[in-house]
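> Numbers 1 to 148, taken from this note's numbering, label the letters of the sequence shown in order.
Some clues are possibly wrong.
Stated by the list, open to error - Just the calculated beta-carbon pair ranges, DEER-fashion:
no.	residue 1	residue 2	range
1	Thr-104	Asp-18	20 to 26 Å
2	Ile-105	Glu-15	29 to 35 Å
3	Arg-77	Ile-108	31 to 37 Å
What the hints assert, rightly or not - Straight-line distance between alpha carbons at most 20 Å, and here's what the computed SDA-like set of lysine to any residue pairs gives:
no.	residue 1	residue 2
4	Lys-85	Ala-136
5	Lys-125	Ala-136
6	Lys-125	Ile-33
7	Lys-85	Ile-33
No lab work stands behind these hints: they were computed from the structure.
Computed from a prediction, not measured in an experiment: that's the story for all the values here.
Ideal Cβ positions, reconstructed from N, Cα and C, are used throughout, including at glycine.
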Amino acid sequence: MRRFERFIHALASTEVSDRAVNQYARGDRGNAIRRRNLRLYLEQIGEPRTLLVGEAPSYRGGRLTGIPFTSESIMLRHLGPGYRKATTGATMSTEASATMVWATIRCIEPLPMLWNAFPFHPFVKGNPFSNRMPTASELRIGAPFLEW
1 MRRFERFIHA LASTEVSDRA VNQYARGDRG NAIRRRNLRL YLEQIGEPRT
51 LLVGEAPSYR GGRLTGIPFT SESIMLRHLG PGYRKATTGA TMSTEASATM
101 VWATIRCIEP LPMLWNAFPF HPFVKGNPFS NRMPTASELR IGAPFLEW
C-alpha cells in the first residue's frame, strides 16, 4: 500500500453526523478526486518540519478540494500539476482564510503541512453551505488523524 493510502482510507471510512460532510467518503466521484488531491498534497509536502492546524474545512475550501486551507483557485493555480477540480462548472472557489494562509506560507521552505483538528466539514444543520465550529465529540473523532 502506498505511503498515505492507509491514512486516506481511514479518513474515507470515518462516519460523521448529519451535521457534517465526509468529503473523502467512498461512493462519490467528487470525493474520489478529493482523495487523490489529498494524496498528491501529502506526497508533495513529504516530511514537513511544521504542522499548522485549523479547526475544520470550510465549505468553500477544503470541503471542495480535499486539502486543508486550500480553495480551488489556490489548488489549481499555485500547487502544481496533477490536481483536479472535484466540482462541476468553470468557476473556481475562493476562500478568505485559504488566501491569507497561502499568502503567508508561500515563502516558507519547506512548506508546513496544513491540517484540521476535525478533518471533515461541519455545517449548520439544514445548510451544507455554511460553516460551524466542530463539537467536542467531533474533535475526538479528528484526534487520531492528528497523531497519525
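> Run through the hints listed earlier and report the numbers of any the structure violates, in increasing order.
Those not satisfied are hints 1, 3, 4 and 6.
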